[in-house]
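Start from the sequences, fold in the hints, and give me the full structure.
So the sequences go chain by chain: D and X. Heads up, the final residue of the first sequence is numbered 338 in my numbering, and it's a clean run with no missing numbers. Heads up, the final residue of the second sequence is numbered 338 in my numbering, and it's a clean run with no missing numbers.
Since the hints were made in silico from the structure, they are not lab data. Hints may be right or wrong, so weigh each one.
A pair counts as met if it fits within one copy or between any two copies, since identical chains are not told apart.
[To be verified] Derived SDA-like pairs: lysine to any residue, alpha-carbon spacing no greater than 20 Å straight-line:
| id | residue 1 | residue 2 |
| --- | --- | --- |
| 1 | K238 | E212 |
| 2 | K330 | A290 |
| 3 | K141 | R108 |
| 4 | K141 | Q172 |
Keep in mind the model is a prediction, meaning the values are calculated, not measured.
There are 2 protein chains.
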Amino acid sequence: MAILVVGSVAYDTVETPFGRAERVLGGSASFFAVAAAFFSPVNLVGVVGSDFGEEQLRAFAGRPIDLEGLERMQGKTFHWQGKYSWDLNSRDTICTELNVFEFFKPKIPARYRGSEVVFLGNIDPVLQREVLDQVQAPRIVACDTMNFWIHGKAEELRRTLAKVQVLLVNDAEARELSGEWNLVKAARAIRALGPHTVVVKKGEHGVLMFHGEDCFAAPAYPLENVFDPTGAGDTFAGGFLGYLAGCPRADDEALRRAIVMGSTLASFSVEAFSLDRLLALSRAEIDARYRLFKRLTSFETI
Amino acid sequence: MAILVVGSVAYDTVETPFGRAERVLGGSASFFAVAAAFFSPVNLVGVVGSDFGEEQLRAFAGRPIDLEGLERMQGKTFHWQGKYSWDLNSRDTICTELNVFEFFKPKIPARYRGSEVVFLGNIDPVLQREVLDQVQAPRIVACDTMNFWIHGKAEELRRTLAKVQVLLVNDAEARELSGEWNLVKAARAIRALGPHTVVVKKGEHGVLMFHGEDCFAAPAYPLENVFDPTGAGDTFAGGFLGYLAGCPRADDEALRRAIVMGSTLASFSVEAFSLDRLLALSRAEIDARYRLFKRLTSFETI
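In structure tokens:
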């Protein structure tokens, strides 16, 4: 079942305590697409500038990622530059050059319109709704957002959330969106806005998923060497939705397996700069780490 | 199998966003003993002043908690006063009156000396070793500590850790003790000091246990109403070691079940002031929440 993703395709310049990567491939749609494509075909909608080269496009080649929706505009590609703290737990944005992304108006190619799963990456909630208006009858609509929209376009975001089944946010965003500190209460308040499923990402502390009255907790994989956290959240979303799109039903059990699959993909993503680890990854490695997650969390009944 | 616990028995004055409790029963040994006694007999070693009343002692009555080792000294009982922030995520200590606890020299009654499990609560590491010198051949020695000893008595703490099998610390303490930010590396460095098992408590984010090369992650129970976090860590330790003492072997599987049992007890403890919720708790309620933990973390293999 094909997944439509709309989001950024970017150049990232990243500094971590372990090194520096200059103008490497980044952006939410890039991480999402490569992770999701391990499980389902992906239709990518985004925009790049005339400086975006063949070398970057090669990342998507040989994978079920359709690039008809990747628009090329005259100008420069979105560029983000960030520097992580010594413990990787915080980062400073050095610069954000929106470039062609500033004028991004998602245009959905005709053959994408039947996509049954849609992921609305973190863009203006007005644009997110315009994307939804161009697709026919998606089975699952999932959405990401950020503080910038929560504060700056609260009413527009609410109108978008009313059309969304799954919201993926981090814990701080869940709290700000709901006005509730307690995450159980925050998830309930968010579900009242539309999404039946709220996925709260807590970084190194894992994920909480609220689905109706059901709650599922998954840890992050305890890695000895985290190299670069950039893109971990989008990789998680890609693994989660990609796996879910391949399931016959998005029921409780499928959602739980999808959360672990998202966590599995994210645990690889942070092992190297950019998409480097994801691009070198095999399905056998993915399945092996999923089984390690099973062992990591298993305990007997009493 | 009897557990010997040495730690504080105290009066706590606690302020949370939800109310205030004045001079109620607290202290690490109190929370530990009541939690552990659901599973195993407990031998308590501590000290109280002449102001410690029959009413407080009633908390331990009717439970398999031996109080021969609870010394009464002329003077006042240890008193701690704290105030939590609006989100319960931080607290200020308003005052710490050590009183009789300042002169505490643990004396182990003769019939405690055969205890097979020992929990060395958070006291001076020199005293922790003096306790160990007075017991015969414990099967499991577990220990808690804090930043005060990690910085102030580093060498003494190392000598104590060499005699300990299980160390329970929070994430900040694990990092300070090891000098490693990454918790996988921190646990390995701590295991090199003696303990074969390192339990890292992360509060609302759950627990990571490292046992040899094995790693186990358990979430905290997502509660809608946390009332007072005081004593949660000691309650966790009590549930963990109490359950473990009742297992024929402290193998991987028993340790995992014990971690979940500790988390279960802690999730009740924070629902009310002092030991109030623990004292009203039934074994049936404990087992029901343990089963909820199972559901909270379950997912299918792929």
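Hints the structure fails to honour: none
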